[in-house]
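Residue-level listing of the chains:
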Amino acid sequence: MMFHPGILALLLGSGLTAGMLCYSAYEGVRIIRGWDIRSGSEQQLEMERRTYLVSTVMSYAMGFQLLSLFLFIYTADSLSPLFVGAMCAAGSLKVNGFGYPTLIVKIVGCLLAGVWLIINAADNQALDYPLIRIKYWLLLFITPFIIVETTLQAFYLLSLKPNIITSCCAVLFNADSGTIMSDLLALPHALSLAIFFTSAPIAMGLGLYVYLKEKGAVPFAIATFCHFVIAIIALISFISIYIYELPTHHCPFCLLHQEYGYVGYVMYAAILIGAVTGLGTGAINPFRSITTLRHIIPPMQRKLALVSIVATSVFVLITVVAIFISNLSMAA
Amino acid sequence: MNLSAIGKQRYILDLALSSMARRKGKNIALVMVYTFTLFMLASVVFSVDSLKQEAALTLQDTPEITVQRQVAGRQDLIPLTYAESISRIKGVQSVEPRLWGYYYDAFSGANYTLMANTSLSDRTGDMVIGAGVARRNDIGKTNRKLGKNDIIPFITADGAVLPLTVKGLFPPASELVTADLVLMPETDFRKIFTIHKDQATDLVVKAGNGKDPVMIAGEISRIHPDTRSILRQDILQTYQAVFDWRGGMIVMLLAGILFPFVILAWDKATGLNAEEKREIGILKAVGWETSDILLMKFWEGAAISLAAFFMGVLLAYGHIFLASSILFESVLQGWSVLYPHFRLTPYVNGYQVAALFFLTVIPYTVVTVVPSWRSATIDPDSVMRI
Amino acid sequence: MIRLDNIRKVFNPGKPNEFVAIDGVNLTIDAHGATALKGPSGSGKTTLLSILACMAQPTSGGITVQDREISSLSGQSLTGIRRKTFGVIFQQFHLIKGITSLENVMIPAYPLGEKFSTLQKRAMDLLDLLNLAGKAYSKVEWLSGGEAQRTAIARALINNPAIIIADEPTAHLDTRLSLEFMEIMRQLKKDGKTIIIASHDPIVSESGAIDRVVEMRDGRIVEPGGVA
Numbered sequence: 153m154m155f156h157p158g159i160l161a162l163l164l165g166s167g168l169t170a171g172m173l174c175y176s177a178y179e180g181v182r183i184i185r186g187w188d189i190r191s192g193s194e195q196q197l198e199m200e201r202r203t204y205l206v207s208t209v210m211s212y213a214m215g216f217q218l219l220s221l222f223l224f225i226y227t228a229d230s231l232s233p234l235f236v237g238a239m240c241a242a243g244s245l246k247v248n249g250f251g252y253p254t255l256i257v258k259i260v261g262c263l264l265a266g267v268w269l270i271i272n273a274a275d276n277q278a279l280d281y282p283l284i285r286i287k288y289w290l291l292l293f294i295t296p297f298i299i300v301e302t303t304l305q306a307f308y309l310l311s312l313k314p315n316i317i318t319s320c321c322a323v324l325f326n327a328d329s330g331t332i333m334s335d336l337l338a339l340p341h342a343l344s345l346a347i348f349f350t351s352a353p354i355a356m357g358l359g360l361y362v363y364l365k366e367k368g369a370v371p372f373a374i375a376t377f378c379h380f381v382i383a384i385i386a387l388i389s390f391i392s393i394y395i396y397e398l399p400t401h402h403c404p405f406c407l408l409h410q411e412y413g414y415v416g417y418v419m420y421a422a423i424l425i426g427a428v429t430g431l432g433t434g435a436i437n438p439f440r441s442i443t444t445l446r447h448i449i450p451p452m453q454r455k456l457a458l459v460s461i462v463a464t465s466v467f468v469l470i471t472v473v474a475i476f477i478s479n480l481s482m483a484a
Numbered sequence: 521m522n523l524s525a526i527g528k529q530r531y532i533l534d535l536a537l538s539s540m541a542r543r544k545g546k547n548i549a550l551v552m553v554y555t556f557t558l559f560m561l562a563s564v565v566f567s568v569d570s571l572k573q574e575a576a577l578t579l580q581d582t583p584e585i586t587v588q589r590q591v592a593g594r595q596d597l598i599p600l601t602y603a604e605s606i607s608r609i610k611g612v613q614s615v616e617p618r619l620w621g622y623y624y625d626a627f628s629g630a631n632y633t634l635m636a637n638t639s640l641s642d643r644t645g646d647m648v649i650g651a652g653v654a655r656r657n658d659i660g661k662t663n664r665k666l667g668k669n670d671i672i673p674f675i676t677a678d679g680a681v682l683p684l685t686v687k688g689l690f691p692p693a694s695e696l697v698t699a700d701l702v703l704m705p706e707t708d709f710r711k712i713f714t715i716h717k718d719q720a721t722d723l724v725v726k727a728g729n730g731k732d733p734v735m736i737a738g739e740i741s742r743i744h745p746d747t748r749s750i751l752r753q754d755i756l757q758t759y760q761a762v763f764d765w766r767g768g769m770i771v772m773l774l775a776g777i778l779f780p781f782v783i784l785a786w787d788k789a790t791g792l793n794a795e796e797k798r799e800i801g802i803l804k805a806v807g808w809e810t811s812d813i814l815l816m817k818f819w820e821g822a823a824i825s826l827a828a829f830f831m832g833v834l835l836a837y838g839h840i841f842l843a844s845s846i847l848f849e850s851v852l853q854g855w856s857v858l859y860p861h862f863r864l865t866p867y868v869n870g871y872q873v874a875a876l877f878f879l880t881v882i883p884y885t886v887v888t889v890v891p892s893w894r895s896a897t898i899d900p901d902s903v904m905r906i
Numbered sequence: 047m048i049r050l051d052n053i054r055k056v057f058n059p060g061k062p063n064e065f066v067a068i069d070g071v072n073l074t075i076d077a078h079g080a081t082a083l084k085g086p087s088g089s090g091k092t093t094l095l096s097i098l099a100c101m102a103q104p105t106s107g108g109i110t111v112q113d114r115e116i117s118s119l120s121g122q123s124l125t126g127i128r129r130k131t132f133g134v135i136f137q138q139f140h141l142i143k144g145i146t147s148l149e150n151v152m153i154p155a156y157p158l159g160e161k162f163s164t165l166q167k168r169a170m171d172l173l174d175l176l177n178l179a180g181k182a183y184s185k186v187e188w189l190s191g192g193e194a195q196r197t198a199i200a201r202a203l204i205n206n207p208a209i210i211i212a213d214e215p216t217a218h219l220d221t222r223l224s225l226e227f228m229e230i231m232r233q234l235k236k237d238g239k240t241i242i243i244a245s246h247d248p249i250v251s252e253s254g255a256i257d258r259v260v261e262m263r264d265g266r267i268v269e270p271g272g273v274a
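Protein chains in written order, with the working numbering: chain A, 153 to 484; chain B, 521 to 906; chain C, 47 to 274.
Think of the hints as simulated: they come from the structure by calculation, not from any bench.
Among the hints, a few may not be true.
What the hints assert, rightly or not - Taking beta-carbon pairs under 10 Å as the criterion, some of the chain A residues facing chain C (in silico):
| no. | residue |
| --- | --- |
| 1 | 189 |
| 2 | 193 |
| 3 | 196 |
| 4 | 197 |
| 5 | 200 |
| 6 | 204 |
| 7 | 276 |
| 8 | 278 |
| 9 | 279 |
| 10 | 397 |
As the list claims (entries may be wrong) - Which residues of chain A face chain C? A few of them, derived with a C-beta cut under 8 Å, are:
| no. | residue |
| --- | --- |
| 11 | 190 |
| 12 | 194 |
| 13 | 280 |
| 14 | 281 |
Every residue, glycine too, gets a C-beta built ideally from N, C-alpha and C.
Working from the sequences, and respecting the hints, build out all of it.
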């Protein structure tokens, strides 16, 4: 095991987060079974008090989830000098079979937790907690997910041994390596560009429609999720090479380094925020017809749609600027 | 966020701070323990990272490939003929023999590193010594450090005495690598250790521009199976791993500090005295919601965490970079008789701050969440009855 | 304005120390009047007041406040309603020690986040109305009984509530101050507020400011004529 302070911090932080979520899930089961807003019984009042605790705990847990995603990537990056062949997080994550799965599960976990917080916010604004059961069912779904993530992360971190030979990003993110990633990278440049610059306006356009007409939330949510995936692929496939000014450098992690102005953090934050708010807009849509939420959900959806549009625009803007100011020319 | 939301935060923060100020005793105790915990952890993190940086910078100038001959698993002298055969390998730019070794000085009880240097080749009897050597070797027990023209008598391997005169000292800035170093002419070196002129301690190989040292090392092993090639990269990784390991060990030990801190935080959070309970009851009775009270508790925790974080990190910075990490020196630098004196170069980045945050603020938050909530859900009705 | 339908409040239900504080109360309180709740200690006055002020929820029964049914609402939304509709004056005043009377008056409005200068002015105006402007910056520990009570009244008024509720307000006051208090209540009634006071002090129940007296005993309302 490697006694790196960053590793210890991640293990401790994730362990505590998983613990907090397990407690929340336990309370959730009790609430699902016994909740009755009309009752004035002691049990009901106690549950109403408890639901504050769960809200608070989940808010903290989500905050930690987001931070730990970045801390995880940064730790992997800072450990790379210890592995032969690794130049950045791309190599560190490849050291054993748990690295990349942990990353993917962490990202999905962030999206789920974000959507939960949005549903929770809607529920708390209504006078009679109309979504209480729904959100606790969702919590029961998320909790094992986070436990899996914590376990995968622990396996990854605890089986790290220095001097394992791994591959660097040039090998992993290479059009010839025969993986799914490489097939995506081998797409013609013009096609990748076209897909990206089509999905972005579609997502933003649907968002604008939600903002103006308070309709169309579900197509918007689907569009933002698709754009989220496309954006990440686009980042690896062609946006990165403009930033690095090197046609063979596709690494998604080197963007986080100082020499590129830490632009990676801004871009990834923008993608994540855009995805979470877009998905949240669609997630609360089915509940518009509930009486106490009738005047709460549409304004919320408008705000979320606006945030999503802004986040997507930031990402697109950075992309466009990067392509324009880059010294690289792909005019072949 | 609209203006009233910001206004609300300000009001609640204001009341949180004034409430804490009215209960100084407990809060100050908690902040002090919190600060101390952060101070210890931050000291470890800063010193480990700084040492890693120093090592990386220092090792930049080590030879790319060092070739050593092994007999029965231990390093042995290497014949100079190997140098010729290695220099003919494709991609090798140069091969230089090195002469160095460890000399145990019975008088001072320390081990010196002796090294032959070509720039002293025509200065028989002279030597250049490092600051650690100067400090340990003290003729006549006068507590005076060795200086120019002082003499150290070396005992050769065949029993003769070879006195060498100090003609220079290494500058203090280089202490990390030169503390125990003695540089001398090749002839004197060979006399002390009775090494034949066809032999060297090891060979230093430089690869040509763009040539792969790993491949060259492989080729060297092929033509001379009794050698091992040490790559610069390997040394760097080993140092990094050792520092990480030591740093992590200390952090684990310091986990012992985390427990009392966490218990104290929990105790303070749960031990609401009657006055605090009354205040919260009043707030709820006049119309504050449970979420407002939770927000107040959040700001209390944030204020304490920020104060402790700021102070702990500043103190740690001072401890490591100004006071040369007095508390940790021995553990981090290893056991030796000749400690180099050096000041660590400050090296602090956002990642360290994030790691420290995770190690302290998160346990504190987790431990105070439930007590905060309990106090926030006090029944306003109970206030009516007092 | 406020209607209680068959309200029951049971403490510690199902346990050995189970206690029925209120047992089937029906009450209607009209707007813009002053009602006194009279009864010996243990009669359930304070509990009823708590429920009226939305500080506690009944075990069973319905409550309607300003035409809105509130018995099935969550604790959080009740607080929101209470904040806007009710101003409560406690028997022990319950001012927060260690801060000034001005701050005490402003505190109920903090969660609403309005501009500081506006809030402060309103608070000062209230203190001025109650002849306390000179004591605005005194810590509450240094106020006399009468001054503390008037600060409590100002605090109850900061969010401009429609209904004022007071629990044994004259318990710690001498006759002169008690009469002063009732005079302030009369003035508030004239300004259009609804007043509900729980007290067994005859100065309150026999005051000219009071329009109606409701008597309670053993958790029930006593009809005029002595029948519960």
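Mind listing which of the numbered hints don't hold for this structure, in increasing order? 10
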